[in-house]
Amino acid sequence: MRYVKAKSITELLGRFLREEGLETPLNEYRVIQAWPLVVGEPFSQYTKSVKMYNQTLYVEISHPVVRQELLMRRTELLEQLNHCVGAHVVYDIRIS
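Heads up: the sequence shown begins at 361 in this note's numbering, then just goes up one per residue.
Hints listed in this document are in silico derivations from the structure and should not be mistaken for laboratory results.
Be careful, since some hints might not be right.
[To be verified] Each pair of labels, with its calculated beta carbon distance range:
id	residue 1	residue 2	range
1	Y363	K408	51 to 57 Å
2	Y451	A366	34 to 40 Å
3	D452	I369	29 to 35 Å
4	L377	N414	16 to 22 Å
5	T370	K408	33 to 39 Å
6	R454	L377	34 to 40 Å
7	E429	Y451	40 to 46 Å
8	H448	F376	16 to 22 Å
9	R454	R390	17 to 23 Å
10	H423	G446	16 to 22 Å
C-beta: ideal position from N, C-alpha, C; glycine also.
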């Protein structure tokens with residue numbers, strides 16, 4: 361009898377998602393879902409929309425003071441979002 365090296369379900373699922381082209385859309389969805397957690401409740405309540413396009417996160421903010429604060433923290437937010445997802449998904453954040 362021949363023994364086959366067992367693989368974890370995480371490894372198999374990750375490989376399946378990559379092969380089917382679903383890994384990137386899933387990570388983009390995770391980034392959008394992580395936005396309120398990363399910026400916190402006070403800032404997330406002023407968020408109108410969050411979208412991903414070409415590895416850029418587009419965020420629309422309704423209050424000018426909150427927008428300015430998030431613009432100053434853009435690099436920090438970028439690192440936190442990528443860390444939260446566990447992959448380098450976002451390369452730029454555009455806040456308007």
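Comparing the hints with the structure gives:
As the Cβ distance of Y363 to K408 is approximately 56 Å, the hint placing it in 51 to 57 Å holds. Checked against the given bound of 34 to 40 Å, the beta carbons of Y451 and A366, roughly 36 Å apart, stay inside it. Judged by the Cβ atoms, the range 29 to 35 Å given for D452 and I369 holds: they are separated by roughly 34 Å. The hinted window of 16 to 22 Å between L377 and N414 holds, with their beta carbons roughly 20 Å apart.
At about 35 Å, the CB distance of T370 to K408 agrees with the hint of 33 to 39 Å. Distance hint check: the CB atoms of R454 and L377 are about 27 Å apart, inconsistent with the given range 34 to 40 Å. For the pair E429 and Y451, the beta carbons lie near 22 Å from each other, so the given range of 40 to 46 Å is not met. With their beta carbons about 21 Å apart, H448 and F376 fall inside the hinted range of 16 to 22 Å.
Roughly 19 Å separates the CB atoms of R454 and R390, a value that falls within the hinted 17 to 23 Å. Distance hint check: the CB atoms of H423 and G446 are about 31 Å apart, inconsistent with the given range 16 to 22 Å.
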